[in-house]
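**Q** What follows is each chain in one-letter form.
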Amino acid sequence: NAGVTQTPKFRILKIGQSMTLQCTQDMNHNYMYWYRQDPGMGLKLIYYSVGAGITDKGEVPNGYNVSRSTTEDFPLRLELAAPSQTSVYFCASSFSGTSTDTQYFGPGTRLTVL
Amino acid sequence: DAKTTQPTSMDCAEGRAANLPCNHSTISGNEYVYWYRQIHSQGPQYIIHGLKNNETNEMASLIITEDRKSSTLILPHATLRDTAVYYCIVRAYSNSGYALNFGKGTSLLVTP
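Going line by line, the protein sequences match chains U and D.
The numbers in our numbering rise by one with no breaks, and the one at position 41 of the first sequence is 87.
The numbers in our numbering rise by one with no breaks, and the one at position 91 of the second sequence is 100.
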């Protein structure tokens, strides 16, 4: 049981480039989340999904896109990378999304945009 | 959305109890208090949560005051591996469902 896995671990992009951050969970969780964490700050929610085919915006969605075609995978797409997107990105999943539901986090992807 | 207030940083000697306070004076009656921690460069890790009663698990204890306006996370015998940022979160319903709302947390340094 690997939990939540993320690839790549590190990436450097040039301004204007695109990339997809991968996230996979093997716990059969319905809910999945993408957060970003800027230096010295807490995590901010980018997008979340309540199940395959259903996604919704979080607090900071601008510049990102997501899709959820399967229960296991929740990729995050950056179309035109900007320096403001330099951050650490964490994917998380949970079973039911209720107030007593524990979220499990992946190890993160450290992205630098130059 | 209930906000939390935590000290920026704390120190604790190895082997002693670490008591991390959190104020959440505007918490509503059905909102849970959650604690997560983040060891340097890793993803956040769930520790414990509670509503009204004190809770204990293999990692920590959570003490919630009777008026629910504050709580304390207790690591009974801190080790060097407990050095991390600890986040106190009030789980409130928002436009993003019950997504976790992380503040800046408390940076705990456990010293030998």
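To be clear, the hints were calculated from the coordinates, so they are not data collected in a lab.
Among the hints, a few may not be true.
[To be verified] If you only want the chain D side, here are some residues facing chain U, beta carbon under 10 angstroms, derived: (1) C21; (2) P30; (3) S34; (4) T35; (5) Y43; (6) Q47; (7) N104.
[As the list claims (entries may be wrong)] In silico PhoX-like cross-links for lysine-lysine, where the CA-CA straight-line distance does not exceed 20 angstroms: (8) K12/D x K78/D; (9) K61/D x K113/D; (10) K78/D x K61/D; (11) K90/U x K103/U; (12) K12/D x K90/U; (13) K78/D x K90/U.
Beta carbons are placed, not taken as given, at the ideal position from N, Cα and C, and that holds for glycine.
**Q** Which numbered hints are broken by the structure, listed smallest first?
**A** Checked against the structure, the hints that fail are numbers 1, 2, 3, 4, 9, 13, while the rest are satisfied.
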